[in-house]
Amino acid sequence: MAPKKDKVEHLIYESYLAAIQNSVGSKMFRQYFVRAEGKKIEVLRNGDLACAFYVTSLLRIFGLIDRTRTTVVGTEASMLKAGWFHVKRPKIGAILVWGPKTFKKSGETHKHIGFYIGHQKAISNNSKRGMPYIHKYDFRQIESMYWHESFPS
279 MAPKKDKVEH LIYESYLAAI QNSVGSKMFR QYFVRAEGKK IEVLRNGDLA CAFYVTSLLR
339 IFGLIDRTRT TVVGTEASML KAGWFHVKRP KIGAILVWGP KTFKKSGETH KHIGFYIGHQ
399 KAISNNSKRG MPYIHKYDFR QIESMYWHES FPS
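So that you can map any letter, position 5 of the sequence shown is 283 in my numbering, and since no number is skipped, the others follow by simple counting.
Honestly, the hints are just simulated from the structure, not real lab data.
A quick note: this is a predicted structure, and the numbers were derived from the prediction, not measured.
Virtual Cβ for every residue (Gly too), placed ideally from N, Cα, C.
Hints are supplied without guarantee of correctness; some may be wrong.
[To be verified] Ranges between beta-carbon positions, derived for each pair:
hint: 1; residue 1: A314; residue 2: I339; range: 39 to 45 angstroms
hint: 2; residue 1: K359; residue 2: V321; range: 19 to 25 angstroms
hint: 3; residue 1: E315; residue 2: R338; range: 26 to 32 angstroms
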């Protein structure tokens with residue numbers, strides 16, 4: 279008689295939260311290359327514009343989005359197709375989208391995206407450091423919050 283195998287349950291939500299916490303200080307989300315008009319371009323500017331790529335990379339690892347993105351607008355559209363929905367209050371693991379901000383140096387306006395980790399804290403990409411960091415969740419005006427249909431309610 280063959281030995282009985284234990285059934286393994288993958289704890290996606292718990293693993294997702296651990297990955298978010300463990301991503302702080304990582305340099306792996308700084309660069310993403312595209313080819314446009316025959317030229318190779320690094321579109322994240324060494325981490326300056328890496329927030330959406332950071333978030334979607336973690337979501338993709340756990341099958342919570344179809345692919346990585348490099349813009350917040352594209353990320354939100356993909357999330358809505360992948361089982362994410364709007365919530366009014368943040369829960370640990372929720373995605374936060376902060377409203378547009380115009381940057382003095384470049385004159386560009388960008389939204390921002392990251393993860394809520396509880397205790398009024400969030401983790402998102404720091405554009406100056408080019409890596410994820412912990413900060414107050416309301417450091418900018420929150421525009422939207424999302425929760426995934428597979429997460430505990």
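Going down the list of hints, with the structure as the test:
Here the CB-CB span from A314 to I339 is close to 27 angstroms, at odds with the stated 39 to 45 angstroms. At roughly 22 angstroms, the beta carbons of K359 and V321 sit within the given window of 19 to 25 angstroms. Our hint of 26 to 32 angstroms for E315 and R338 holds, since their Cβ atoms are close to 27 angstroms apart.
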